[in-house]
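Asks: Work the whole structure out from these sequences, hints included.
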Amino acid sequence: MESWIKLNNYPDEYIKCGAVMRIASVRENRENWYQEDIVDLMVFYAGAVFEDAACGLISISGHKAGRINATFPKESGDEHGNGLRRDWLIGNWNRWIYMDGNVDDVWIRNPEPVHSMPIDSF
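So the number in the working numbering is just where the residue sits in the sequence shown, counting from 1, plus 43.
Don't read these hints as lab results, they were simulated from the structure.
Ideal Cβ placement from N, Cα and C applies to all residues, glycine included.
Possibly wrong hints are sitting among the right ones.
Said to hold, decoys possible - Taking lysine to any residue pairs in the SDA-like style, the calculated list, with each CA pair at most 25 Å apart, reads:
#, residue 1, residue 2
1, Lys117, Gly61
2, Lys117, Ile81
3, Lys59, Phe93
4, Lys59, Ile133
5, Lys117, Gly105
6, Lys49, Asp143
7, Lys59, Trp150
8, Lys49, Ile81
9, Lys59, Asp95
10, Lys59, Asn153
11, Lys59, Ile48
12, Lys107, Asp80
13, Lys59, Asp148
14, Lys59, Met85
15, Lys59, Tyr88
16, Lys117, His106
17, Lys59, Asn135
18, Lys117, Ile101
19, Lys59, Asn125
20, Lys117, Trp139
21, Lys107, Glu122
22, Lys59, Ser46
23, Lys117, Asn51
24, Lys117, Val146
25, Lys117, Pro54
26, Lys59, Arg110
27, Lys59, Lys117
What the hints assert, rightly or not - DEER-style ranges, computed between Cβ atoms:
#, residue 1, residue 2, range
28, Gly105, Asn137, 16 to 22 Å
29, Asn125, Asn52, 15 to 21 Å
30, Met142, Glu122, 25 to 31 Å
31, Ile111, Ile81, 16 to 22 Å
32, Asp143, Glu122, 31 to 37 Å
33, Val69, Gly124, 29 to 35 Å
34, Gly109, Asn51, 24 to 30 Å
35, Glu94, Asn51, 30 to 36 Å
36, Gln78, Glu122, 35 to 41 Å
Replies: In structure tokens:
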């Protein structure tokens, strides 16, 4: 995958660590969420730090850049470290990631060099 696609259309069973998800911030809840219109979150391997976790999401944009957004239970991944299960992420979006967000509005891009990610993708 060389460009942004909707998460719901992501073709693989597992989302690789380093993949970036781009989401729109819900305006009515900005004080409790991210202040920016668009937030980028990167999938990372949380099992190296948290014993009961598989993967997680870390913010890579805005005033919360560098902060962990969420870590996910082992059932969100697999024992081989293939990454984050796409179906688990979609099914648990409002519970684990963004209560007020709509998973239909999530875009994703596979890992690639940061300098190749244009900021005008929307």
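Asks: Mind checking the hinted window 25 to 31 Å against the Cβ distance between Met142 and Glu122?
Replies: For Glu122 against Met142, whose Cβ atoms are near 29 Å apart, the range 25 to 31 Å holds.
Asks: For Lys59 and Asp95, compute the direct alpha-carbon distance and say whether it is at most 25 Å.
Replies: holds (19 Å)
Asks: If you draw a straight line from the CA of Lys117 to the CA of Ile101, is it 25 Å or shorter?
Replies: holds (17 Å)
Asks: Hinted pair, alpha-carbon criterion (25 Å max): Lys117, Val146. Please report holds or violated.
Replies: holds (21 Å)
Asks: Does the hinted range 35 to 41 Å hold for Gln78 and Glu122 at CB?
Replies: Taking Cβ atoms as reference, Gln78 and Glu122 lie about 38 Å apart, which means the hint holds.
Asks: Given the hint that Lys59 pairs with Arg110, test it: the Cα-Cα distance must not exceed 25 Å.
Replies: OK: Lys59 and Arg110 at ~19 Å, within 25 Å.
Asks: Does Lys49 pair with Asp143 here, judged by a C-alpha cut-off of 25 Å?
Replies: holds (18 Å)
Asks: Are Lys117 and His106 close enough, with their CA atoms no more than 25 Å apart?
Replies: violated (29 Å)
Asks: Would you mind confirming whether the straight-line C-alpha gap from Lys59 to Asn153 stays at or under 25 Å?
Replies: holds (7 Å)
Asks: CA of Lys59 to CA of Phe93, is that 25 Å or under?
Replies: Holds. Lys59 to Phe93 sits at ~18 Å (cutoff 25 Å).
Asks: Please test the hint of 24 to 30 Å on the beta carbon pair from Gly109 and Asn51.
Replies: About 28 Å separates the Cβ atoms of Gly109 and Asn51, which means 24 to 30 Å holds.
Asks: Given the proposed pairing of Lys117 with Gly105, does the C-alpha separation stay at or below 25 Å?
Replies: Measuring from Cα to Cα gives roughly 28 Å; hence the hint is violated.
Violation of the numbered hints given earlier is confined to hints 2, 5, 16 and 21; the remaining hints are satisfied by the structure.
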